[in-house]
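What follows is the residue order along each chain.
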Amino acid sequence: MNGLHDLGGMHGFGPVIPEPERPVFHAEWYKRALAMTVAMGNWGRWSIDESRHARETLPPADMVNLSYYERWTAGLVTLLLRHGFVTRDELREGRADANAARETPALTGPEVAAVLARGSPSARDLDRPPRFQPGDRVRTINAHPPTHTRLPRYARGHVGEIVLYHGPHVFADARAHRKDAPAEPLYAVRFAARELWGPGAEAGHSVTINLWEPHLEPV
Amino acid sequence: MNGLHDLGGMHGFGPVIPEPERPVFHAEWYKRALAMTVAMGNWGRWSIDESRHARETLPPADMVNLSYYERWTAGLVTLLLRHGFVTRDELREGRADANAARETPALTGPEVAAVLARGSPSARDLDRPPRFQPGDRVRTINAHPPTHTRLPRYARGHVGEIVLYHGPHVFADARAHRKDAPAEPLYAVRFAARELWGPGAEAGHSVTINLWEPHLEPV
Amino acid sequence: MAHDEPHGAHHHHDHEHDAHGLPSEPDLKVRAIETLLVEKGLIDPAALDAIVDSYENRIGPRNGAQVVARAWTDPDYRERLRADSTAAIAELGYSGRGGEHIVAVENAPGVHNLIVCTLCSCYPWPVLGLPPTWYKSAAYRSRAVIDPRGVLADFGVTLPADTEIRVWDSTSEIRYIVIPERPAGTEHLGVEELAALVTRDSMVGMGLPKAVAA
Amino acid sequence: MAHDEPHGAHHHHDHEHDAHGLPSEPDLKVRAIETLLVEKGLIDPAALDAIVDSYENRIGPRNGAQVVARAWTDPDYRERLRADSTAAIAELGYSGRGGEHIVAVENAPGVHNLIVCTLCSCYPWPVLGLPPTWYKSAAYRSRAVIDPRGVLADFGVTLPADTEIRVWDSTSEIRYIVIPERPAGTEHLGVEELAALVTRDSMVGMGLPKAVAA
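Protein chains in written order, with my numbering: chain A, 626 to 844; chain B, 626 to 844; chain C, -17 to 196; chain D, -17 to 196.
Just so you know, these hints were derived from the structure itself, not from any lab.
No experiment lies behind these values; they were computed from the predicted model shown.
Hints may contain errors.
As the list claims (entries may be wrong) - DSSO-like cross-link-like pairs, simulated, lysine-lysine; straight-line CA separation at most 30 Å:
no.	chain 1	residue 1	chain 2	residue 2
1	D	LYS22	A	LYS804
2	B	LYS804	C	LYS22
3	C	LYS22	B	LYS656
4	D	LYS22	A	LYS656
Given these sequences and hints, build the entire structure.
This is how it looks when you write it as structure tokens:
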């Protein structure tokens, strides 16, 4: 979707403000918001792509007004409701419906380190070779789906060069909407800054973007 | 500038809500906000392009949170300050500085009808012929200036056909930033919807955009 | 952008003043600015009253309806409208601010025109007056160019699948008015009766003229 | 998007509850959700504590600094890092969530790398921890790809005019870490001393390693 999350190349957001390495969390509730999102994600009911899309589809005013962890929390509420972990009544009442089905077991403290260290790799096997090789020139498709896509708006319809082949990875654009999404060859595609931004950009600069095979056409 | 005002093709803003022809104004203060903007514009210190840019450069949160006439009012305040009609002290104090220079004469009630009927035409003379003719195919430039532009982001780097020549008109991209901006030939350029939006768009549909000669290159 | 109500749902009135020290409540802010500008002699309240009166009572979509009805009934006028819309519209007394240059775009069998301004809210003021809230909304400005059938559906308008939709994005001081197709069964009607069938929305391309009473 | 402070300037706390009936104050909202999820047995507070402890005390930019210092001092390791960054980083014990697949990109004379995620805030968690506020900000995400020298200037970094800036937009589960150039005059330093020179920002490409004390 062409949403307010797709910020590459936008003007008007002001300067970037540096900050020291610590503190990691600027408020106590940030810790709980982060940890709840990680812990609930461990149930495996939604992919990271679906959770991204849940945040992207927040109302535009929320996209601008809410802070980062507020948006995470709002996205989590969307997912909790969609996947039946909680009901609207439970959220409104603030207590569990005694008749609701229980799910077990929840992630425990001692399991956390191993769960984080394992993560959720997106690499997959695929029974066909990649269509492109490093060095190939490709053009990105010009598509504007209302659904999730990882092809940023600023990079559509532009010509770049494959610089890395990452192997097959589950296709994010599809996985945001269905769990059994296929894998597609994933590439790092380098675009000259002038190709993306016109003659105002500096010669020699580039932007490299990870794109899946369905995003690309031969030139 | 690639700002939040440049909305063509964005997703996520919800349905369009019809409304009856009346009332024209949904609040009393809308009337005064509109009329003040029109009356102060009559001093001729800024162009419509400069006033548009004043609204476009509001902070992103204001772009989303403020209603239409609030944005007009915020833009007017920017212009009043920039052009010396009021000072920050006067705004803060809510009263005129007795030592400030006075400007006269203000627009009067009896003059309004004629002023509105005259307007401020943008057509100009130009001592060179237009580069393009109806029927010509052109490609829009791919440029992302941080300054004002009337070439929408969704139409950059695309091929269309000149369908109308409007004659020379003052070039808005320049006039937003300086009063003595030149005129440039102005065209209506028709783009196939599929050229702009890809194969998801309907064949035969089109979007026609008024663009000035500096926005266009021959194909 | 997201709304145009006096008090939007996402509005924040927890601060009493904005960065300039002006009231944050929009009605109070506008009044404070008007008071200051009047005190400085920069605006005459009577001029503001006259501007409001113009757009509330004189300059509105009934002007455009006259243009459309005339075009439906007078082939010579229609030709002049095609050749120079601004001049033909000025013949009827409509001209000026927010519509110094106008192009009338005609619907025809299989062709439907739609007007939008994606970058702000440009609109043909002399013939249609001030734009309605929806025309200024982010929803309309974003979707009209990429999903014209979708916005038409929001207005209950369904065009045949083979109708060519031509969207006009008003990116310059050229403003557009749509000349809708004359409804069937109106051969017996005069200009004023026809004008009454011409809705504002039909002149933006977001509606069709009213049908005649059977 | 615009800010990440507990109470942003544009925040609206005039409503007590959101559309779901949850408190609108974010700290109260988060607590209400945690309370409900704990009551339902869906989360264990001890697991949340362990997750917070991991990212506050174990998983952060000091991990990445170890990778960089090792790459600076061990040519074989550097080769393994080039061949398979994920595996070479896992050798040091760093792996998993938010960095299941990592590519190390190396600065060199005349080449400077910069990492961003324009679509969200993807970041190499196992080696750099959670992203700083600025990395998540709309200002950084919008400008890094179109004006890399501008964002570097905000951080006080000025690169030579002929330096090639390579921006990497993290649009997939491949995450990046920048291997900055080893500072001059550090030939006598060991891995731990070198790691202390490696700042978080230098591994994003928004800074350079600290200079050695003269």
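Evaluation of the provided hints:
| no. | hint | in the structure |
| --- | --- | --- |
| 1 | D:LYS22 x A:LYS804 | holds (25 Å) |
| 2 | B:LYS804 x C:LYS22 | holds (25 Å) |
| 3 | C:LYS22 x B:LYS656 | holds (20 Å) |
| 4 | D:LYS22 x A:LYS656 | holds (20 Å) |
Comparing the model with each numbered hint stated earlier shows that all of them hold.
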